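These are the residues of each chain, in order.
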Amino acid sequence: MLSFLLIVLASLFFTGIIIRTKSITSGRKGPGIFQPMKDVIRLFKKGAVYSKTTSIIFQVAPSIYFASIIMAICIIPFGQYKGFISFEGDFVFFAYVLGAGKFFSIISALDTGSSFEGMGASREALFSMFAEPAFFILMGSLALLTGHTSFHEIFASLHFGSYISYILGVLATFVFVMIALVENSRMPFDDPNTHLELTMVHEVMILDNSGFDLGMILYGSYLKFAMYGAIIANLFIGIAPLYLAIPIFICTQFLFAITIGLLESFTARFRMNHNAQYILALSSVSLLIFLGVLLMLGQLN
Amino acid sequence: MNYISVRNNQTIPLSSIPEMDYPAFFELNVFTLLKSNTSHCVNYFGSPQPGQIRLTCCIGDDDLGLIHLSSCVVTAQQVLPSFSKHHLAYEKFERELHENFGIAYADHPWLKPVRFPFNAFDKNSSIAGYPFFKIDSEELHEVGVGPIHAGIIEPGHFRFICNGEQILHLEIQLGYQHRGIEALFVEKKKLLQRITLAESISGDAVAGHTVAFVNLWESLCGFQADKHLQWSRTLALELERIAICTGGLSGMCTDVAYQLGSAVFGRLRTPIINFFQTWCGNRLAKGLIRAGKTNFPFTPALKAGLNNVLNDFEKDFEEICEELFSLSSALARFEKTGVITQQLATTLGTVGMCARMSGVSRDIRSSHPHDLYWAFDHQPIIKHHGDVYSRAQIRKEEIRKSIRYIRKLLEEIPAERNDRSSLSSPGAGSFTISLVEGWRGEICHCAITGDNGELIYYKIKDPSFHNWLALAMAVRNNEISDFPISNKSFDLSYCGHDL
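Read top to bottom, the protein sequences are chains A and B.
Converting from the first sequence to my numbering requires adding 62 to each position, the first position being numbered 1.
Converting from the second sequence to my numbering requires adding 76 to each position, the first position being numbered 1.
The set of hints was computed from the structure by calculation and includes no laboratory data.
Label-pair ranges, simulated between beta-carbon atoms: (1) A/Leu304 <-> B/Asp392: 46 to 56 Å; (2) A/Lys91 <-> B/Glu530: 53 to 63 Å; (3) B/Gly279 <-> A/Leu64: 57 to 67 Å; (4) A/His221 <-> B/Ala408: 32 to 42 Å; (5) A/Leu349 <-> B/Arg483: 57 to 67 Å; (6) B/Glu218 <-> A/His221: 55 to 65 Å.
What you are looking at is a predicted structure, and each value in this text was computed from that prediction instead of being measured.
All C-beta atoms, glycine included, are put in the ideal place defined by N, C-alpha and C.
Next up, chain A with everything else stripped away, as it sits in the complex:
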């Protein structure tokens, strides 16, 4: 319950902070941090326009996509407080609920029959597929380390003690940040601001969506950001009491958003064929974590 509320709270300002950071670094004043939310509210007041070539899939996909994200957020715990849903092996459920949402957004892009959207869908599918092993190896390692298989128990029993565990914490944060960037189609994998259909990944898939549907997709991605921020925060909260845990959570979200803003300001994006290589390389970082866990457990003697 608490984690759900905090994630919704963070989602309200997360994208605003990214945009504000980017504005400041390029010497502009920039919009207020609630502007993305205001845009979503404006979209929620509008009706949607559907192309004649699309079918029912295109109309239901945004809702399914949004629902899948809400469902995934319900699993995220907050320190020692469980999420709405918690059971053994729930991180597998988490990954595939998100996967189901993504599947629908991909087939809805194909449903429009546009050559651009097909291209974007194939890129998105490819990149998500490559990001999957990194997530599972990482979560598997953490499960092995703690001996538990649900988000709540893993995070609640994760203690930092030895040097190796700090290194593991840093690496795990890195992998989660990168997965969040891939899943949310941000720089350096995708450029959310581009107007060039040929270079887009996620943006091109939602070219045909409008009004309420577009609002759901946009707000869905804000929630997704805050959700990954919450997972990262959980790595550090542990069993800290609430008066410490909540500030840690908020600070982590802020830092995460500012990091993304800085990254997007000062680098160019990858060439498309380097994306796949780079994302796949995340899996090897995860393998490193797995190795570290084996070392800690003394399995490698």
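Position chain B relative to chain A; hints supplied.
The following block gives chain B in isolation, referenced to the frame of chain A:
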């Protein structure tokens, strides 16, 4: 041999251009004149005569600084062997002749419409029926982009044939911007109307096209421009080069999503075009250049202002160039993207930046200098890789060089004269060709006057006319997601091509 050699902006009687039969004309222009890298076709056009078409071919010789002219009279609907079969640089010119006059070429490799002009020979051809190249295959897919541009710049249709993410073939179809400018030049009788037309050929090359027109017109009228006029034209050309090249770098940064570069280069462009505004009241330099006079003499106050603008510009420009050209993520996108080899550049007859990026030395400022470029002894900036990186580097170095030239120009401003004679009317039966190195490359204007000194034919060639095909070739085997950055690095004009 049977041709006449003229210098840039030299007026000759039309009758002095040798006329020959088509086989001799073919032999001369395909095999004799275009032998080395230092010669290229600057213009090849047909002018209508009663019942006939007079083809005029202008070959620029960069070593001697001459333009070799020859001509040939053919009748419409004659079937001719094409130049393009042997020399691809003629490809677009012959397509244009085919479209405008119905000349059929038996062995032209790619005989398709160019721009669907109002006065086309085949009145039934329409832009909707463009015959695209097609491939039947299960594996390949077509992607059509445009004619409405995603960044809402200018309209053009791009049809890709792709294997997954890889581009196998790109066909570029233009003509949406056709306004019939060449016909309007003849139709509009007032000089002011014609200058305004020249200013509207391409909005980002106002100084380039207007200088080409006024140089040509003054030569036709036998008017020798004094130092002050030449000085201000040279200054306008170099300022335009700085402004548009800076804007180009900003656009390239935007296309690789490098926000800092995009913002800083974009900001740097503004003071330069604002200087045009203080000088002549228009940010694109419209109204600045006039034949036989200037309405905006350069004053000492402007000199101080320009010095300040340049000092501020240079400092920030060097800093951001340092950042951009050492940023590995940007270089990874620029290098080896959209490559044109030297051989291909020569074959296609590219001009301007698109030639110099591939090691082809082609710069009107050094080979056929006009205005004050005699004084600079300009050495073309040559790069050799022919990729996006080379094009970015050329922009950077052109800007630096232009700043140096402007500083040199500012050292000594020729006094404005109040005793200029007014322009007489053009001589009868004359031909003039004017070449200008605009920021994009070689701009060519040709004019023919009739028996009473009236303009009877006007021909414009923007550098984009040569270079669009180079873009289509450059993106082959690249990823389709690299097309925007390649396109921006060429930065070709749609309306300059469509006229």
